[in-house]
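Order-wise, the sequence lines are chains E and D. Per the numbering used here, numbering of the first sequence is gapless, rising by one per residue and ending at 262. Per the numbering used here, numbering of the second sequence is gapless, rising by one per residue and ending at 262.
It cannot be assumed that every hint is accurate.
As the list claims (entries may be wrong) - Distance windows between CB atoms, simulated: (1) Lys96(D) x Ser176(E): 37 to 45 Å; (2) Gln253(E) x Arg248(D): 45 to 53 Å; (3) Lys96(D) x Tyr88(E): 35 to 43 Å; (4) Arg248(D) x Arg213(E): 19 to 27 Å; (5) Ala56(D) x Arg205(E): 22 to 30 Å; (6) His138(D) x Lys193(E): 30 to 38 Å; (7) Val261(D) x Pro191(E): 41 to 49 Å.
Unchecked claim - Residues of chain E clear of chain D, computed beta-carbon distances all greater than 10 Å: (8) Glu34; (9) Gln80; (10) Leu108; (11) Lys113; (12) His138; (13) Gln148; (14) Glu190; (15) Tyr211.
By construction, these hints were calculated from the structure, which means they are not laboratory data. For each residue, glycine too, the CB sits at the ideal point set by N, CA and C.
There are 2 protein chains.
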Amino acid sequence: MIKLSEIPTTPPPHIDEEKIKDETKRLVDRLGKLQQVMYAERKHSALIILQGMDGSGKDGAAKQVFEQCHHYGVQVYSFKKPSEEEFAHDFLWRVHKQAPQKGMIQLFNRSHYEDILIQWVHGWIDDQRAEQRMKAINAFEELLTFDNNTLVFKFYLHISYEQQAKELQERIDEPDKHWKHNPGDWKEREHWADYMRCYEYAFNHSSIPWTIVPVDKRWYRDYIIAKTLVERLEKLQMEYPPLPVE
Amino acid sequence: MIKLSEIPTTPPPHIDEEKIKDETKRLVDRLGKLQQVMYAERKHSALIILQGMDGSGKDGAAKQVFEQCHHYGVQVYSFKKPSEEEFAHDFLWRVHKQAPQKGMIQLFNRSHYEDILIQWVHGWIDDQRAEQRMKAINAFEELLTFDNNTLVFKFYLHISYEQQAKELQERIDEPDKHWKHNPGDWKEREHWADYMRCYEYAFNHSSIPWTIVPVDKRWYRDYIIAKTLVERLEKLQMEYPPLPVE
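Produce the complete structure using the sequences and hints provided.
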């Protein structure tokens with residue numbers, strides 16, 4: 017059982033920041049290499065879900081960790097408010113379209129989990145619907161896994177309530193962050209406890225497990241994500257295909 | 017447990033053909049009216065799956081039964097061999113895209129069931145994969161039902177082995193049916209027993225039940241399909257929305 021209040025949002029004490037940064041650089045380079053083989057081999061794909069409260073650094077992670085990956089092999093889809101057409105379908109309709117084809121890494125900045133987070137927190141769906149959706153999410157992620165060799169990674173960017181205030185305030189104070197400021201984020205912050213409850217529900221009912229990433233220090237965030245990805249992808253023992261016989 | 021060999025492919029004996037045809041006409045008219053309200057109300061949608069061996073009359077059913085429906089409210093999607101892009105995804109990827117939005121009737125001429133029929137019959141997938149796909153199909157159809165008010169109808173067009181031969185031969189003998197002739201259909205016919213086994217598996221493991229439609233007589237086919245649809249749609253008690261208040 018995951019309880020967020022028991023998990024630190026900061027790196028372990030006495031950890032050597034410089035050493036971790038060097039190691040992260042090595043991992044990010046390695047990830048670039050692995051992405052290239054995945055693209056060439058076209059046997060597997062990866063779906064990488066980044067979830068977290070406003071200011072938890074989803075955009076930053078999507079940039080830094082994948083810096084050495086080719087753009088043709090990585091796609092980012094940022095989930096916004098659904099369109100009218102999307103609303104006239106089940107909640108996974110727009111999500112399934114964005115599932116990665118073999119060879120590709122697909123990043124989700126937010127995801128189908130919002131359909132049991134923001135929607136549940138605000139009471140737009142009831143408990144029963146949230147439970148039905150959780151089951152549908154499990155079936156969907158399992159489908160990608162067994163039928164398309166998709167590795168599904170799910171990262172929760174775990175930020176403290178105090179750190180979020182600093183991050184949101186920076187968007188007001190620093191001119192080149194103004195474009196990220198949204199007064200609505202401060203309003204959502206009032207529902208913090210409810211969000212934590214819904215997140216915990218998702219973590220504890222997911223068939224594919226989550227990685228909880230302490231993000232109060234960005235350098236530690238990148239390290240954990242890169243490490244998780246590289247360790248798992250190495251296990252696939254992917255290889256460049258041989259020269260085709262004429 | 018459905019066993020196809022125990023279900024007749026012909027209408028019940030002594031049934032009055034003329035009476036049934038009159039009744040079918042009434043039902044087809046009524047279906048047209050129901051489709052109009054569904055489109056106007058935009059609360060529900062319908063997914064109508066037509067499956068059956070070659071020559072079982074899927075095209076004919078899709079035309080005759082929906083003759084009084086508006087084209088803007090009915091879409092037909094005919095499933096062919098997947099494209100390269102579709103093959104690089106899970107089997108439901110291309111199917112989910114075609115799920116109906118609220119207000120619409122979506123007809124599937126063949127469907128995701130082919131992924132546990134033709135593929136299993138020919139050994140392109142093993143038993144385990146077929147079972148996994150069956151579970152994924154159930155989860156998918158349930159998702160459409162609970163999250164988008166989609167009524168899922170599944171019709172198996174039950175034709176006899178002898179009647180199929182006649183239908184396929186007509187495609188050779190009659191000039192205006194030549195375009196439907198495909199030598200591959202005669203080859204698939206050799207796998208008849210395997211197809212029946214896979215179909216029965218699907219019927220007996222589906223969470224949303226199938227309607228088995230005797231189709232050796234086309235007039236009886238249309239009657240059963242129209243009757244099933246109308247009876248179910250009547251129960252929704254759909255209504256035209258009132259004039260919006262300015």
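Hints versus structure:
{"no.": "1", "hint": "Lys96(D) x Ser176(E): 37 to 45 Å", "verdict": "violated (54 Å)"}
{"no.": "2", "hint": "Gln253(E) x Arg248(D): 45 to 53 Å", "verdict": "holds (52 Å)"}
{"no.": "3", "hint": "Lys96(D) x Tyr88(E): 35 to 43 Å", "verdict": "violated (28 Å)"}
{"no.": "4", "hint": "Arg248(D) x Arg213(E): 19 to 27 Å", "verdict": "violated (39 Å)"}
{"no.": "5", "hint": "Ala56(D) x Arg205(E): 22 to 30 Å", "verdict": "violated (42 Å)"}
{"no.": "6", "hint": "His138(D) x Lys193(E): 30 to 38 Å", "verdict": "violated (57 Å)"}
{"no.": "7", "hint": "Val261(D) x Pro191(E): 41 to 49 Å", "verdict": "holds (46 Å)"}
{"no.": "8", "hint": "Glu34", "verdict": "holds (42 Å)"}
{"no.": "9", "hint": "Gln80", "verdict": "holds (28 Å)"}
{"no.": "10", "hint": "Leu108", "verdict": "violated (6 Å)"}
{"no.": "11", "hint": "Lys113", "verdict": "violated (6 Å)"}
{"no.": "12", "hint": "His138", "verdict": "holds (17 Å)"}
{"no.": "13", "hint": "Gln148", "verdict": "violated (5 Å)"}
{"no.": "14", "hint": "Glu190", "verdict": "holds (41 Å)"}
{"no.": "15", "hint": "Tyr211", "verdict": "holds (22 Å)"}
When each numbered hint is compared with the structure, violations occur for hints 1, 3, 4, 5, 6, 10, 11 and 13.
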